[in-house]
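Start from the sequences and build out the full structure, keeping to the hints where you can.
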Amino acid sequence: MLLTGCELIEFSPNQTSSPAAYSDLTAKNLALLAQKQLPAGDTLRFVFTGDSQRFYSEAEDLVESVNQQPGIAFLVVAGDISDFGLGREMRWVHDKLKHLRVPYLTMIGNHDHAANGRLAYQEVFGPLNYVFTYAGTRFIMLNTNGREYRFDGTVPNISWLQQQLADTAGVQRQVVINHVPPMDEDFDRQLEQPYVQALKAAPRVALALNGHRHDFGIDEPYGEGLTLINSYAFEKRRYVIMTLWGNNQFKLKTVDF
Amino acid sequence: MSLATLLLLPLAALGSRRAVPTDTVPLAPAAPLRWYVPSHLLLHTAGGQGLAAVGAGWRACHNRLALETLAGYLPKQYSITPMGIFTAKISYTPWQLPLKATAWRVQPFTVGAFTSYSASRGLTTTRGSKYDDDYYWWSSHTHTHRGICGRQRGPRFSAYQAWSSSFSHGLL
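Sequence order for the protein chains is H and V.
Taking my numbering, the leading residue of the first sequence gets 1, the next gets one more, and so forth.
Taking my numbering, the leading residue of the second sequence gets 1, the next gets one more, and so forth.
Since no wrong hints were added, every one of them can be taken at face value.
Quick look at which bits of chain V chain H covers, simulated, 3 or more residues with Cβ under 8 Å:
1. 41-48
2. 79-85
3. 123-133
4. 138-150
Just a sample of chain H residues kept apart from chain V, beta carbon distances all over 10 Å, derived:
5. Asp61
6. Met183
7. Pro194
8. Gly246
9. Thr254
No lab work stands behind these hints: they were computed from the structure.
We treat Cβ as the ideally placed atom computed from N, Cα and C, and that holds for glycine.
Have a look at this one:
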């Protein structure tokens with residue numbers, strides 16, 4: 001009686017089970033997104049941000065700002081939802097982001113792996129690698145936190161990535177979203193070139209989007225044809241509105257909040 | 001058997017063994033205890049210290065100040081592997097309400113702080129070979145908390161209802 005039905009009762013900060021209202025959030029957000037499909041060929045606009053960890057007041061202001069933006073389809077948080085890998089941190093962030101007028105989708109970050117955070121993330125959000133297609137754009141959400149797996153050659157999962165890149169049926173363009181960028185020291189070095197080659201060999205890849213570095217950046221470190229963009233962290237009080245059209249054309253707009 | 005029942009059983013057992021006349025409430029043991037002998041034992045649930053925890057404590061300042069240590073257990077169903085949670089706690093209890101005809105006190109409000117170490121193979125360490133020094137500045141196994149609770153206290157026994165706590169990470 002005392003021990004059930006009350007979220008104040010907590011056996012450990014590291015307990016991974018999550019109430020129904022705070023579980024499978026990726027699937028729930030994708031279901032919301034599916035309810036308002038945009039026809040393929042239409043211009044797609046979404047908010048790109050990352051690293052929400054412990055920036056709760058910033059999250060409130062970000063939601064207020066994003067809710068005033070017209071024509072936004074969804075928001076992406078490119079990893080590090082939490083700081084300590086605790087489920088309760090992920091639920092606190094959801095308590096802010098659930099007030100968005102659009103669905104939001106997340107990528108797992110290295111901080112979300114801390115302690116038993118990987119399981120907490122799976123309970124609260126869902127799979128670590130997943131894909132979704134919206135407005136003719138296939139978004140490939142790929143776990144690249146190689147250091148958290150001791151650089152054991154399994155993360156990122158290159159064969160899974162190649163399978164997703166090869167699936168181009170009804171897809172106009174592909175966008176790969178990671179937390180750790182491939183040139184970062186936290187990316188598994190032995191998988192850097194396989195990752196880059198996989199993306200460069202896929203003709204419909206428009207962009208690779210990353211977080212982790214807490215600041216905006218846009219570059220082509222692997223030569224022409226593969227553009228990498230890094231997100232602002234919540235703490236920067238800035239986010240980017242990304243507009244995609246055509247096969248690989250895009251426009252960025254920075255918003256302060 | 002529910003945990004609530006488990007909590008109540010030792011209370012009832014100790015309560016009946018230590019029953020005293022209705023007009024007598026022993027506030028302290030007849031002979032002073034040596035400093036290292038615990039003044040009371042604890043049975044505890046939740047508050048970040050495990051599904052169930054047992055411990056020992058030492059009281060001072062007319063039973064208002066307490067230093068307590070606990071060992072708690074969290075079953076596998078709440079994480080990847082079972083967890084042992086070891087806690088050291090200091091607390092202050094301003095009010096103690098006598099329970100009529102017993103040696104027990106109700107302590108409706110206690111404020112305090114504690115630090116805990118969670119031992120589990122299911123918790124990856126933030127200090128290890130895969131990280132450079134200070135990659136993560138905190139420990140995934142150590143937490144510090146501050147919070148409030150209510151409890152019942154007997155001459156040699158305390159049962160916590162719960163701690164509602166906020167916390168931060170320790171460095172150890």
